[in-house]
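A.B. asks: All chains should be built: construct the whole structure from the sequences, respecting the hints.
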Amino acid sequence: MAIGLNHYLVLSAIIFTIGLYGALGKRNAVVILMSIELMFNAVNIAFVAVSRYLPVPPGMPLNLGGQVFALFVITVAAAEAAVALAIILAIYRTRKTVSIDDLNLLKW
Amino acid sequence: MAALLWLIPFLPFAAFILITAFLRRPQKLAGYVSILAIAGSFLISLLTLREGWNAVIVKHDEHWKIDRVIDWLALGDLTLQLSTFADAIGAVMLVVVTFVSLLVQIYSLGYMVEHGEMDPGFSRFYSYLSLFTASMLGLVLADNFVQLFIFWELVGLCSYLLVGFWFFKPEAAEAAKKAFITTRFGDLGFLLGILLVFLVTGAFNFVEVQHAVEGGAFAPWLLTITMVLLFCGAVGKSAQFPLHVWLPDAMEGPTPVSALIHAATMVAAGVYMVARLFTLFEHSPGAMATVAWIGGFTAIFAASHGLVMRDIKRVLAYSTVSQLGFMMMALGIGGLAAGVFHLTTHAFFKALLFLGSGSVIHGSGEQDMFRLGGLHKKMPQTSITFAIGGLALAGIFPLAGFWSKDEILLEALKHGQIGLLIIGVVAAFMTAFYTFRAYFLTFLGEPRPNWVDPDGLHGADAPKYIVDVHHADPIAQHTYDPHGYFLATRGPAVYDDHGHSASAAESPDAHGHHGPASHSSEATSHAVHDVHGHGGLERGAHHAHESPATMTGPLWILAFFAIVAGFAGAPFLDNPFGHFVAPGVKHAPMNLGLAVGTTVSALIAIFLAYRLYGARPFVREPLTELGPLYTLMARRYFLDEFYNWGIGVFILAVSRGLAWFDKYVVDGAVNLVGWFADQVGNLLRHTHTGRAPNYALGVFGGLAVIIFVMLGR
Chain Z
1 MAIGLNHYLV
11 LSAIIFTIGL
21 YGALGKRNAV
31 VILMSIELMF
41 NAVNIAFVAV
51 SRYLPVPPGM
61 PLNLGGQVFA
71 LFVITVAAAE
81 AAVALAIILA
91 IYRTRKTVSI
101 DDLNLLKW
Chain S
1001 MAALLWLIPF
1011 LPFAAFILIT
1021 AFLRRPQKLA
1031 GYVSILAIAG
1041 SFLISLLTLR
1051 EGWNAVIVKH
1061 DEHWKIDRVI
1071 DWLALGDLTL
1081 QLSTFADAIG
1091 AVMLVVVTFV
1101 SLLVQIYSLG
1111 YMVEHGEMDP
1121 GFSRFYSYLS
1131 LFTASMLGLV
1141 LADNFVQLFI
1151 FWELVGLCSY
1161 LLVGFWFFKP
1171 EAAEAAKKAF
1181 ITTRFGDLGF
1191 LLGILLVFLV
1201 TGAFNFVEVQ
1211 HAVEGGAFAP
1221 WLLTITMVLL
1231 FCGAVGKSAQ
1241 FPLHVWLPDA
1251 MEGPTPVSAL
1261 IHAATMVAAG
1271 VYMVARLFTL
1281 FEHSPGAMAT
1291 VAWIGGFTAI
1301 FAASHGLVMR
1311 DIKRVLAYST
1321 VSQLGFMMMA
1331 LGIGGLAAGV
1341 FHLTTHAFFK
1351 ALLFLGSGSV
1361 IHGSGEQDMF
1371 RLGGLHKKMP
1381 QTSITFAIGG
1391 LALAGIFPLA
1401 GFWSKDEILL
1411 EALKHGQIGL
1421 LIIGVVAAFM
1431 TAFYTFRAYF
1441 LTFLGEPRPN
1451 WVDPDGLHGA
1461 DAPKYIVDVH
1471 HADPIAQHTY
1481 DPHGYFLATR
1491 GPAVYDDHGH
1501 SASAAESPDA
1511 HGHHGPASHS
1521 SEATSHAVHD
1531 VHGHGGLERG
1541 AHHAHESPAT
1551 MTGPLWILAF
1561 FAIVAGFAGA
1571 PFLDNPFGHF
1581 VAPGVKHAPM
1591 NLGLAVGTTV
1601 SALIAIFLAY
1611 RLYGARPFVR
1621 EPLTELGPLY
1631 TLMARRYFLD
1641 EFYNWGIGVF
1651 ILAVSRGLAW
1661 FDKYVVDGAV
1671 NLVGWFADQV
1681 GNLLRHTHTG
1691 RAPNYALGVF
1701 GGLAVIIFVM
1711 LGR
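Those sequence lines, one after another, are chains Z and S.
Under this note's numbering, the residue at position 94 of the first sequence is numbered 94, and the numbers go up by one with no gaps.
Under this note's numbering, the residue at position 270 of the second sequence is numbered 1270, and the numbers go up by one with no gaps.
Each hint should be verified, as a subset may be incorrect.
What the hints assert, rightly or not - Derived DEER-like restraints, expressed as beta-carbon distance ranges:
1. Z:Arg-95 - S:Val-1680: 30 to 38 Å
2. S:Val-1673 - Z:Arg-95: 28 to 36 Å
3. Z:Leu-105 - S:Val-1673: 29 to 37 Å
4. S:Gly-1690 - Z:Ala-90: 13 to 21 Å
5. S:Ala-1677 - Z:Ile-87: 52 to 60 Å
6. Z:Val-73 - S:Gly-1076: 49 to 57 Å
7. Z:Arg-95 - S:Trp-1660: 56 to 64 Å
8. S:Val-1673 - Z:Ile-87: 37 to 45 Å
9. Z:Ile-87 - S:Val-1680: 33 to 41 Å
10. Z:Val-73 - S:His-1688: 48 to 56 Å
11. S:Trp-1660 - Z:Lys-107: 52 to 60 Å
12. Z:Leu-105 - S:Trp-1660: 43 to 51 Å
13. S:Val-1680 - Z:Leu-105: 22 to 30 Å
Stated by the list, open to error - Chain S is nowhere near these chain Z residues, computed Cβ spacing over 12 Å in every case:
14. Leu-5
15. Leu-9
16. Leu-11
17. Ala-23
18. Gly-25
19. Ala-29
20. Glu-37
21. Leu-62
22. Asn-63
23. Leu-64
24. Ile-74
25. Ala-79
26. Arg-93
27. Lys-96
28. Asn-104
29. Leu-106
Honestly, the hints are just simulated from the structure, not real lab data.
For each residue, glycine too, the CB sits at the ideal point set by N, CA and C.
C.D. replies: Set out below in structure tokens:
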């Protein structure tokens, strides 16, 4: 069976859902951060797959839109990871914990 | 001339700004600035009148008018305009207003200075007078309802400010409030009338409204309602029954103010308004009848008050109310020219009488006629001019009042209004009587500075002010006697008109307030009534002196016009005034029988007054022989008591009901909405857990819902 666009999209959806579960369900802030990275990369897979399988615009050698987006996402995700890790570190230094359950000051 | 017309109200207004901004300390310059401005306005008004006279009388241009408008405010389709509009009536009114204002302001140069000491409010006085004159002229120049109403309210404000000019006197502050609030009742009707006019015709301009009415825009009953509502404004402003009660109390203001505002100009604004809208009123017989009968009743009703007043200014105040009633009656009957003519002549001789009484008060420091007397020898000029004014008011041939009053009675005869004719004749008889009662009491006989009522009866206005300060419950007094509360709380201190709180020990006139032993109500009313009281200075009729030339000069000028102004409308000169104001209208020919009859009845009234008050020393009020009728008249038919009762019982009861409704129903509804929001918030705030994953779940859950919805479409 040839591998088509749907295979990639299903893979992307599976990885995204795993990431979503981790982001919503885990308590460790570092794990949540990792889960978010997982979601980013699931999206990247979808972008690249779609970029590959959609028809090429007339006069263009390749359809590169999705790949450009993927590169952007990787860049932003790197920056986001840096900032988020710095925040987690700062929280750990003051609170001696990175458990999300203990970081609930902003409520009623 | 049309190009200069805007200067007429602008000059006094500029004077008002100038005085208020730069000349606030008491100084003669304030007076000079104000007088100069009004003199300029007077000059332009005269030129306008001349132009109009030439156009109408010489060139027979019956439709002469000046109408220049500027757009003032654009509201969607509606554009409000400011106008300088003058026709024959307007031109006459402009001259009357500026002329009387000019003389009054010159007169005030003397009146507002006493014993070489300037009133502390001297500049304030002149700035108010300028503002008033500007507003009044703006009112006269209006060609639409909006401008009319704006200036209508402005003159009301100025009246309030000037009646309460000596605001540290509780009576003056109360009178100012009373004047303002009472006229408000009328103005409510006026405003409703204007809105009704706009609702039906969509226009504010008099001419456009006129065309709409002629085109049948109003059903007859609706027109009558509208015109009667508009007339309500005139009832308040021109002190017609039943809203006349404010005018006598407004005499608490300085006397020049009484002469200018409450005799010649502002109170005539109601008459002017009816005259200006005369063609509208004519379309509604019901409204015309209302105007005529309210005016007629006011004429005779107010005159009966005048018979028994003991304060010289109050006699004149009721006389003014009565004469305004005459004017309204004339307009209601259909005599436009007669009404406006009487307005004009009345402005001259009533201003003269008021200024004369001001001269008396200035010279003697007394305004209770029972304590005056014998002033003819001490103030001959005031006496002679007052007599001229009195003769004019009484309608003696050939003075101004004779011609104008005769015109009104002629109109009544011509239109077959016999009832109103009889009312007019009786009121004229009373007018002659009370005018000369005042004259004889004030100027003949001997001074009676220590007169005490042998019957223990009080004068007309005395009881209102008298409160036994040590026994009265101030709150209970307050319910029925607006003055009592303040007297009671004020204690023994007496304010003189210069704002010093003189203690009883310093002021020899203040003994009336000094203790329970002093039940002499006469003394109390004496102290309270002294507008010009000056602790320590000799006062009273026996110390009177003639007033300075700045005061007697205007008196003589006004006396001249009180004699000759009537010839403008004299039938043997073919009534040029009538042709000017109402061209094309056929005037009733002179009725010799009526003229002789009214003159003889006035002479009889004067003779009667002479027998009762002039020919013998005044010991007790002869009219007390009338018994209960005297009490009824002297207490002003208990109208003030009735109104206070009405306010105290009826309005308070209604207000309490409304207050309950407001508190529990209106506020309750508002509070319910607030309470509901509060409760919902209390429930919803628990979703705010502080845990970031919960929020993220919300975000993704929402996203999922959106996706499902979009897929489902």
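A.B. asks: Work down the list of hints and note, for each, if the structure agrees.
C.D. replies: Evaluated hints:
no. : hint                               : verdict
1   : Z:Arg-95 - S:Val-1680: 30 to 38 Å  : holds, 34 Å
2   : S:Val-1673 - Z:Arg-95: 28 to 36 Å  : violated, 43 Å
3   : Z:Leu-105 - S:Val-1673: 29 to 37 Å : holds, 33 Å
4   : S:Gly-1690 - Z:Ala-90: 13 to 21 Å  : holds, 19 Å
5   : S:Ala-1677 - Z:Ile-87: 52 to 60 Å  : violated, 36 Å
6   : Z:Val-73 - S:Gly-1076: 49 to 57 Å  : holds, 55 Å
7   : Z:Arg-95 - S:Trp-1660: 56 to 64 Å  : holds, 58 Å
8   : S:Val-1673 - Z:Ile-87: 37 to 45 Å  : holds, 43 Å
9   : Z:Ile-87 - S:Val-1680: 33 to 41 Å  : holds, 35 Å
10  : Z:Val-73 - S:His-1688: 48 to 56 Å  : violated, 31 Å
11  : S:Trp-1660 - Z:Lys-107: 52 to 60 Å : violated, 44 Å
12  : Z:Leu-105 - S:Trp-1660: 43 to 51 Å : holds, 48 Å
13  : S:Val-1680 - Z:Leu-105: 22 to 30 Å : holds, 25 Å
14  : Leu-5                              : holds, 19 Å
15  : Leu-9                              : holds, 15 Å
16  : Leu-11                             : holds, 19 Å
17  : Ala-23                             : violated, 6 Å
18  : Gly-25                             : violated, 7 Å
19  : Ala-29                             : violated, 9 Å
20  : Glu-37                             : holds, 15 Å
21  : Leu-62                             : holds, 30 Å
22  : Asn-63                             : holds, 25 Å
23  : Leu-64                             : holds, 28 Å
24  : Ile-74                             : holds, 22 Å
25  : Ala-79                             : holds, 20 Å
26  : Arg-93                             : holds, 19 Å
27  : Lys-96                             : holds, 19 Å
28  : Asn-104                            : violated, 3 Å
29  : Leu-106                            : violated, 5 Å
Consistency note: the structure conflicts with the earlier hints numbered 2, 5, 10, 11, 17, 18, 19, 28, 29.
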